[in-house]
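Enquirer: Here is how the chains run, residue by residue.
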Amino acid sequence: MSQTTGIVRSAVDDRADLDDLYVRDMPDAVRLAALITGDPDMAQDIAHDAFLRSVGRFRHLRQPEAFEAYLRRAVVNACTSHFRRRTVEAAYLRGQARHPAPVDEPDHGRRDELRVALSALPPRQRAAVVLRYYADLSEQQAGEALGCSAAAVRSMVARAMQTLRERIPRSEDT
Amino acid sequence: MNDLEHDLREVLDEDARRVPTPISAPEGLRRSVRRRQAVVGGVVGLSALAVVAGIVAGATTLLPVGSSQPAGEGPTTTGTLNGITITYPQAWSLIDPDEAGLNGSSMMAEVPLPRIVLALAPTDAGETFGCPGQAGGAATFVMTVQEEPLALDGASSQPWPVQLRTMTVDASESACYPGWDFLRAGWSAAGRTFEARVGFAPAATTDERDALSSAFASMSFAASGRGVAAAVLGHGIAGGEPWTLTAQRTEGRLSLSLEAETLGTGASFVSPATSKLQPASTVLGQGSDRQLVTFGAIPIDVVRVEATAADGSVVSAEVFDIPDELDADSNAFALVAAPGPVELLGYDASGEVVAHGTVDAAEPAPFPWASLQDGRHFGYVRAVDVDAGTIEFDLAYFLSGEEANAAYHAAGGTGPVPNDYFVVNDNPRLRTLALAPDARLRLLDWNHCCETFFDGDLALFARAIGEQEDVTDGGLIYRGQSQWWITVEHGVVTEIEEQYSP
Numbered sequence: 001m002s003q004t005t006g007i008v009r010s011a012v013d014d015r016a017d018l019d020d021l022y023v024r025d026m027p028d029a030v031r032l033a034a035l036i037t038g039d040p041d042m043a044q045d046i047a048h049d050a051f052l053r054s055v056g057r058f059r060h061l062r063q064p065e066a067f068e069a070y071l072r073r074a075v076v077n078a079c080t081s082h083f084r085r086r087t088v089e090a091a092y093l094r095g096q097a098r099h100p101a102p103v104d105e106p107d108h109g110r111r112d113e114l115r116v117a118l119s120a121l122p123p124r125q126r127a128a129v130v131l132r133y134y135a136d137l138s139e140q141q142a143g144e145a146l147g148c149s150a151a152a153v154r155s156m157v158a159r160a161m162q163t164l165r166e167r168i169p170r171s172e173d174t
Numbered sequence: 001m002n003d004l005e006h007d008l009r010e011v012l013d014e015d016a017r018r019v020p021t022p023i024s025a026p027e028g029l030r031r032s033v034r035r036r037q038a039v040v041g042g043v044v045g046l047s048a049l050a051v052v053a054g055i056v057a058g059a060t061t062l063l064p065v066g067s068s069q070p071a072g073e074g075p076t077t078t079g080t081l082n083g084i085t086i087t088y089p090q091a092w093s094l095i096d097p098d099e100a101g102l103n104g105s106s107m108m109a110e111v112p113l114p115r116i117v118l119a120l121a122p123t124d125a126g127e128t129f130g131c132p133g134q135a136g137g138a139a140t141f142v143m144t145v146q147e148e149p150l151a152l153d154g155a156s157s158q159p160w161p162v163q164l165r166t167m168t169v170d171a172s173e174s175a176c177y178p179g180w181d182f183l184r185a186g187w188s189a190a191g192r193t194f195e196a197r198v199g200f201a202p203a204a205t206t207d208e209r210d211a212l213s214s215a216f217a218s219m220s221f222a223a224s225g226r227g228v229a230a231a232v233l234g235h236g237i238a239g240g241e242p243w244t245l246t247a248q249r250t251e252g253r254l255s256l257s258l259e260a261e262t263l264g265t266g267a268s269f270v271s272p273a274t275s276k277l278q279p280a281s282t283v284l285g286q287g288s289d290r291q292l293v294t295f296g297a298i299p300i301d302v303v304r305v306e307a308t309a310a311d312g313s314v315v316s317a318e319v320f321d322i323p324d325e326l327d328a329d330s331n332a333f334a335l336v337a338a339p340g341p342v343e344l345l346g347y348d349a350s351g352e353v354v355a356h357g358t359v360d361a362a363e364p365a366p367f368p369w370a371s372l373q374d375g376r377h378f379g380y381v382r383a384v385d386v387d388a389g390t391i392e393f394d395l396a397y398f399l400s401g402e403e404a405n406a407a408y409h410a411a412g413g414t415g416p417v418p419n420d421y422f423v424v425n426d427n428p429r430l431r432t433l434a435l436a437p438d439a440r441l442r443l444l445d446w447n448h449c450c451e452t453f454f455d456g457d458l459a460l461f462a463r464a465i466g467e468q469e470d471v472t473d474g475g476l477i478y479r480g481q482s483q484w485w486i487t488v489e490h491g492v493v494t495e496i497e498e499q500y501s502p
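First to last, the protein sequences are chains U and Y.
If you're matching positions, the first sequence starts at 1 in the working numbering and goes up one per residue.
If you're matching positions, the second sequence starts at 1 in the working numbering and goes up one per residue.
Simulated from the structure, these hints should not be mistaken for laboratory data.
From the three backbone atoms N, C-alpha and C, an ideal C-beta is built for every residue, glycine too.
Please note that a few of the clues may not be correct.
[To be verified] Chain Y regions said to be covered by chain U (calculated; three or more residues, Cβ under 8 Å):
1) 3-12
2) 276-282
3) 454-462
[As the list claims (entries may be wrong)] To give an idea of the interface, some chain U residues facing chain Y are shown, with a C-beta separation under 8 Å as derived from the structure:
4) Y22
5) R24
6) R31
7) L35
8) G109
9) R110
10) L114
11) R115
12) L146
13) G147
14) C148
15) A151
16) A152
17) R154
18) R167
Kindly generate the complete structure, drawing on both the sequences and the hints.
Expert: This is the structure:
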């Protein structure tokens with residue numbers, strides 16, 4: 001049994017182990033949620049909820065050593081659900097209001113442009129980009145987190161990069 | 001690695017380093033885990049959280065970890081933020097939402113309206129992020145005031161002062177707001193419209209609640225230097241659904257939008273409106289209750305708009321004033337009529353026709369996907385257009401138990417219905433439904449049948465449906481002939497989920 005497996009198995013019933021697990025895995029989960037949602041506050045909620053859900057269902061996992069991957073998937077799912085809900089909740093006018101005319105936006109340079117362009121990607125594409133370029137996951141691992149095939153990840157990342165290139169004219173790939 | 005990938009990695013790493021992360025486990029974690037395990041279906045958590053967290057939009061940044069807060073007693077102080085002057089206990093903190101980042105993180109675009117313009121909390125210990133629920137009950141309340149598009153009609157148009165009223169939100173299973181209760185109020189003052197939301201933790205004292213009420217009641221308002229950016233013009237009901245007509249000025253254009261429970265639709269007009277009306281229409285409601293809503297901009301001299309239907313019946317429109325700050329030369333109209341073509345005539349004060357327009361669709365449906373109400377629907381996906389982002393859906397009914405038996409017998413079956421379910425599909429009508437850009441495709445993993453799903457690829461799904469044959473992707477199977485549950489939210493399909501059938 002791996003160390004992770006041992007911690008998680010006992011964590012369900014043991015307060016100290018559960019705290020250890022929380023302290024060890026939550027920072028990564030919060031960062032991942034923040035990068036996907038662009039909202040550090042909501043990321044706290046999402047990661048916390050995903051943690052509770054993951055630990056709560058841990059006994060049903062076929063591969064207990066896969067807790068981190070399971071938590072990661074729960075975070076990604078929660079983030080995309082969060083965006084779907086936000087999309088649904090956003091009224092037409094509010095959607096308009098959240099995208100001011102580009103001429104009104106100050107130029108914060110290429111990185112901020114990249115941030116804005118990144119935040120405008122469809123949620124699953126953004127999640128795929130974050131998993132590949134921040135979490136450094138393979139296409140296979142990213143696919144497991146996103147619940148899709150490696151080919152689908154490759155497709156999503158390619159489309160995302162194409163969009164980013166179009167939205168940041170100054171970016172000239174070498 | 002190319003430049004874009006390099007920059008992307010650096011931006012993500014930089015943003016990740018800025019994200020505050022918990023340094024200790026919250027009190028009650030084990031209890032939360034157990035409570036979570038006891039929740040049937042696990043549906044309470046995030047959906048409740050989203051509602052609750054949305055209520056206090058980002059205000060968790062204000063909440064401290066690990067220090068108890070003073071009750072609302074003692075001396076008070078007065079401060080002004082964004083034209084709002086408020087008197088509150090000196091021990092509390094008045095926080096500028098923009099400086100605290102409450103109107104969006106560095107990765108999100110700025111929000112003109114609505115935007116949070118004031119926040120009040122027990123402390124400004126802003127470097128500590130986290131859920132109040134993780135802070136061991138130390139954070140006992142938060143109030144935010146959000147500025148909304150100017151309400152010319154409806155509840156939020158009521159003048160200040162107003163009372164805070166209880167919101168119906170079940171936060172009992174919320175991770176970040178466990179057991180909190182919430183209040184809200186909407187009002188207009190100084191040519192602006194506001195909405196306040198207040199959250200109290202169970203540990204909030206009576207003194208704190210009283211002090212917060214006093215602080216809320218002390219607010220006074222000054223006009224915004226920015227003028228009116230958007231305005232709610234009016235409300236109505238069509239097909240049993242409430243709608244709201246809103247105007248705003250975007251990039252030099254007047255935009256009108258009609259927002260209903262099941263859809264939002266907009267129309268833009270180059271100012272000023274001309275004698276040739278450019279109405280926008282949509283149909284609200286279902287079945288025999290369906291009604292057409294037509295709206296648009298009219299020149300300032302039009303004081304009355306009438307719509308004549310094909311059967312000769314005439315319906316008068318309601319005319320709304322658009323604030324001069326948004327468009328000095330236009331007003332707006334909206335009318336509700338039976339679905340069908342209508343002729344529009346606009347009259348000036350002397351009764352002369354000075355504007356005209358038509359809604360010529362026999363069955364106006366600019367948003368064909370609005371033909372199914374929000375919710376979950378069972379049926380068959382007959383076609384998928386990936387480029388257009390639509391599906392053709394054959395609505396059916398999935399019955400089980402006694403309903404299934406009754407329908408089975410009505411269809412000529414004898415004995416108990418096989419497998420305890422029966423599908424009724426009497427209506428051949430196909431509906432073209434729009435897919436949300438991030439619509440989720442949940443397909444059964446037939447290799448691990450039958451409670452495991454995988455997120456499918458839309459193109460492969462389209463191929464399977466188009467060919468009516470199974471398509472495989474590695475070990476995954478896209479079934480060309482299966483049964484589906486679709487989730488419609490605000491008129492668009494947000495999820496397609498495969499139904500297991502033996």
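Enquirer: It remains to establish, for every hint, whether it holds in the given structure.
Expert: Results for each hint:
no., hint, in the structure
1, 3-12, "holds (count 9)"
2, 276-282, "violated (count 0)"
3, 454-462, "holds (count 4)"
4, Y22, "4 Å, holds"
5, R24, "10 Å, violated"
6, R31, "4 Å, holds"
7, L35, "6 Å, holds"
8, G109, "11 Å, violated"
9, R110, "7 Å, holds"
10, L114, "5 Å, holds"
11, R115, "5 Å, holds"
12, L146, "6 Å, holds"
13, G147, "4 Å, holds"
14, C148, "5 Å, holds"
15, A151, "7 Å, holds"
16, A152, "5 Å, holds"
17, R154, "11 Å, violated"
18, R167, "11 Å, violated"
Consistency with the previously given hints fails for numbers 2, 5, 8, 17 and 18, ordered from lowest to highest.
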